[in-house]
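If you're matching them up, the sequences are chains R and Y in order. End of the first sequence sits at 651 in our numbering; the numbers just go up one at a time, nothing left out. End of the second sequence sits at 726 in our numbering; the numbers just go up one at a time, nothing left out.
To be clear, the hints were calculated from the coordinates, so they are not data collected in a lab. Everything numeric in this text was worked out from a predicted model, so none of it was measured. Virtual Cβ for every residue (Gly too), placed ideally from N, Cα, C. There could be a bad hint or two in this list.
Coverage of chain Y stretches by chain R, computed from C-beta distances (three or more under 8 angstroms per stretch; other residues unrestricted) [as the list claims (entries may be wrong)]:
#1 531-537
#2 547-560
#3 563-576
#4 678-687
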Amino acid sequence: MRIESPAAFAEFRKSAQAKLAQRRAEVLVCCGTGCLANGAAAVAEAFAATLDGSATEVKTFTKRTGCHGFCERGPLVVLRPAGILYTKVKPRDVKEIVDKTLKGGTVIPRLLYKEPTSGQRIEHYQEVPFYKHQTRVAMRRIGHIDPTDFEDAIAHGAYGGLVKALGMTPEEVLREVEISGLRGRGGAGFSTARKWRSCRNAKGERKFVLCNGDEGDPGAFKDRSIMEGDPHSVLEGMIIGGWAIGAHEGIIYVRDEYPLAVVNLTLAIQQARDAGLVGQNILGSGFAFDIRISRGGGAFVCGESSALMRSLEGKVGEPRAKYVHATDRGLYDLPTVLNNVETWADVGAILEHGGAWFAAMGTTKSKGTKAFSLVGKVKNTGLIELPMGMTLRQIIYDIGGGVLNDRPFKAVQTGGPSGGCVPEALLDLPVDYEKLTEAGSMMGSGGMIVMDDRTCMVDVARYFLKFLTEESCGKCVPCREGLHQMLAMFDDLVAGRGKPGDIERIERLSRGMQLGSLCELGKSAPNPVISTLRYFRDEYVAHLERRECPAGICRDLTTYEIMPETCDGCHACFKACPVEAITGKVKELHVIHQDKCIACGACYDACPTQAIRFLPKHQLAARGVA
Amino acid sequence: MSIENSGKPVTLTIDGKPVQAHSGEFLLAVAQRAGITIPTLCHHPALEPYGGCRLCVVDVTEEGWDGWCKMVIACQFPVKEGIIAFTASERVIETRRVVLDLLLARCPDTPLIQRLAREYGIEKTSYVPNPNPTDCILCALCTRVCDHIGVSAIATVNRGIGREVAPPYHQPPPDCIGCLACAEICPTDYIPYTTSSTSRTIWGKSFEMLRCPTCGRAHITVEQARHFAGHGGVSEDYFTTCDACKRKQMAGTFQRLQGVLPAAAPPAR
Ligand SMILES: Cc1cc2nc3c(=O)[nH]c(=O)nc-3n(C[C@H](O)[C@H](O)[C@H](O)COP(=O)(O)O)c2cc1C
Ligand code: SF4
Ligand code: SF4
Ligand code: FES
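Model the full structure from these sequences, guided by the hints.
So, in structure tokens, the structure goes:
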């Protein structure tokens, strides 16, 4: 059914909301990729099957939603309107939930979230620390709606921003985005309004609006969650963008590994087209805008703007110089605006609530909210969205619940593979674009990896270098040859084969790569190296000069031994060792056989009495043991 | 910034010297015209800039940038009014050194790279020399010239350090016309070929030669004649006569027109 005017839209939204209000309760089953992997589909089916028969009786509705963010505790089920959150729900729990909670009105403590420190069970979704401190803008509807249900999205506010935008002039829309202070959520944090304005001012009839859904950072999944969980938010942003800059064509470039995102976006485009929100004469305004999907080429570098455009043109996805901006000459050399998925998702909310509303959140230069994927050695991992300016400490301790197993915090890596590591001394750093850059890291796409004391910073830098070495396209010398040589030096460092002058060589090469590389991949590739050298230089020196790994991680430099005075023969290490290098009977002293030990540290992490210690391999050798 | 490819006359400064140019021209060409040398490896005036070798880096600043410079590659940077370029600042030289040091590690035995590295004070690479030395510097001149003539028989394949120039599937390239443009443009003579009066071989593919009916020299492959005929809308026969003979014939026609030679005189041998 086509919606022909803003008034008809308001009518449609009212009826969609009225329909929702008839439901006495809703069972929201998270069917994001994480929960699906944990069996959410079966849970949703069990609810549907159980409720269908009694639907008239309880007027309850099962909804398969996008990712709630707290994947680690999935499958997640939220019961509305009460707001009860059940975690790790199995199909066999469903009948009990229906009988006790939906019909009986009592909660099932066993399924509630348990606060790790206090052991307290928390009933309400809004009270769980992981959610309590969040403010969701880009992810405002995810988890609340069924992403395949158009009416549900509309009832929850989708396209409200578009209706307002079409009632304004393009200049007024631009102005609103300018007031919001919105900056790109995909990497560099470039001013969105400025980019749009350049493109609007560029000469040419035909212009493009692109959405970057390539999300290549390992472990990142915010863009996927948005595309899967609320595809209409992306479309809405792009149509508004098209109106503001005078473009009539939009393309969403989606990573090939995201089939569900493609399915949900395709459906959403169809729904929007049927409703007259995409296509000719949108809402009777006379404005035309069409959107199509293009599936990515698979390489990390295809997320880089010039490579992405080449890939869309059907050419090899390789970067080229950007002395002429894409806003003047982008896709097919025509004026083009490229924004990240999250940036587009923010736009609709900004138009709906006003630029000033968005700008009221955040810091002086970084406005609004930002999505982060919080992972690593932290108790609560998952996808979160917060106002800019929250400190790292608040994120890691209040939302993340602190370091896993209460080990000492060492650093947090932010910004994806070419980001940097921020040490404990900077935990009170407010997170925004400027502060992270000053600290030698970056916002990037919003990855946060928490690291505990059992992390070797040389090894961490090497890990990211390895990723980038594999992803460098190889077009330019500094990145292709530089990363290859840099990785070789790191391979030597962690194996105790470092040569005098290596640290200086690494620093010099880093500088050359930063200045000389063609694209941002090569230019920013030294970041993990430079930031770890800045805060953890002593670890580099230990590896190089003393052949020691202070964290006891680099296997070629580390040995483990059991301290007889402390070992109570609990046998835990015996079970943990993957190569049977430990012998000992229960309640007797255990021994590590150095000839078999691979220095993986599993025993160290398993020992409840801390009877195992690690020491530099050369010390053991000096004792004549190895 | 909007594109200023309008070709307006502009004045810029290169290494302190005022230089005239047209806006949108590439800085490298402008500098060369002013007699300022900037080293290059992947540049060729007949081909689109590529930006792969990064040897032509220079620093650029503008009035009001407070001395802040951005590093750009001269071969692809379009000039505009008032820019101030430094082609040999300390960090420019240092960046080129890193590039050459890295290339020397890749191509330790390649005379061109050895010579350039030496010019920048590098005798021996500071990095790990390639255990399998190659002469290919991956400038992509060969693949680009092949694209340029509309053949695209070869391409760069693989990512990162595994990148190489190769025909599809490492098989003799079906599209190759045996013109030798790739081998001739290669700055390090890396691409092997053989050519004789009867046949030619390149990229593992063999070609039959056409003889010039005038001088009898085998100068072109059958596929080459066919390709150029197909593109230029000229008959294949046009290409069977070699360039040297064509030039002589043209000169003959020209002189004839001027009445220097008697009409209808047979072309000289
Ligand atoms: C190697 C590389 C990979 C990138 N990958 C992505 C990506 O996956 N998604 C993304 O939005 N931006 C990515 N970017 C940043 C884009 O080039 C571009 O800046 C961004 O999409 C612009 O959108 P924004 O202004 O909304 O952030 C990447 C950049 C580089 C250098
Ligand atoms: S910096 Fe790396 S990824 Fe970018 S063009 Fe150069 S080789 Fe390719
Ligand atoms: S073969 Fe020669 S021309 Fe081709 S990329 Fe290698 S060095 Fe350049
Ligand atoms: S000549 Fe400019 S990058 Fe190679």
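- Verdict on chain R covering the stretch 531-537 of chain Y, where coverage means 3 or more residues with a C-beta closer than 8 angstroms: Holds, because 3 residues of the stretch 531-537 of chain Y bring their Cβ atoms closer than 8 angstroms to Cβ atoms of chain R.
Per-stretch coverage check for the stretch 678-687 of chain Y, three Cβ contacts closer than 8 angstroms to chain R:
violated (count 0)
*asked:* Three residues or more, CB to CB closer than 8 angstroms: is that satisfied between the stretch 563-576 of chain Y and chain R?
replied: As far as the stretch 563-576 of chain Y goes, the hint is violated, because 1 residues have Cβ atoms under 8 angstroms from chain R.
*asked:* Can you tell me if the stretch 547-560 of chain Y counts as covered by chain R, using C-beta to C-beta distances under 8 angstroms and a minimum of three residues?
replied: holds (count 8)
In terms of the numbered hints stated before, the structure departs from hints 3, 4, listed from lowest to highest.
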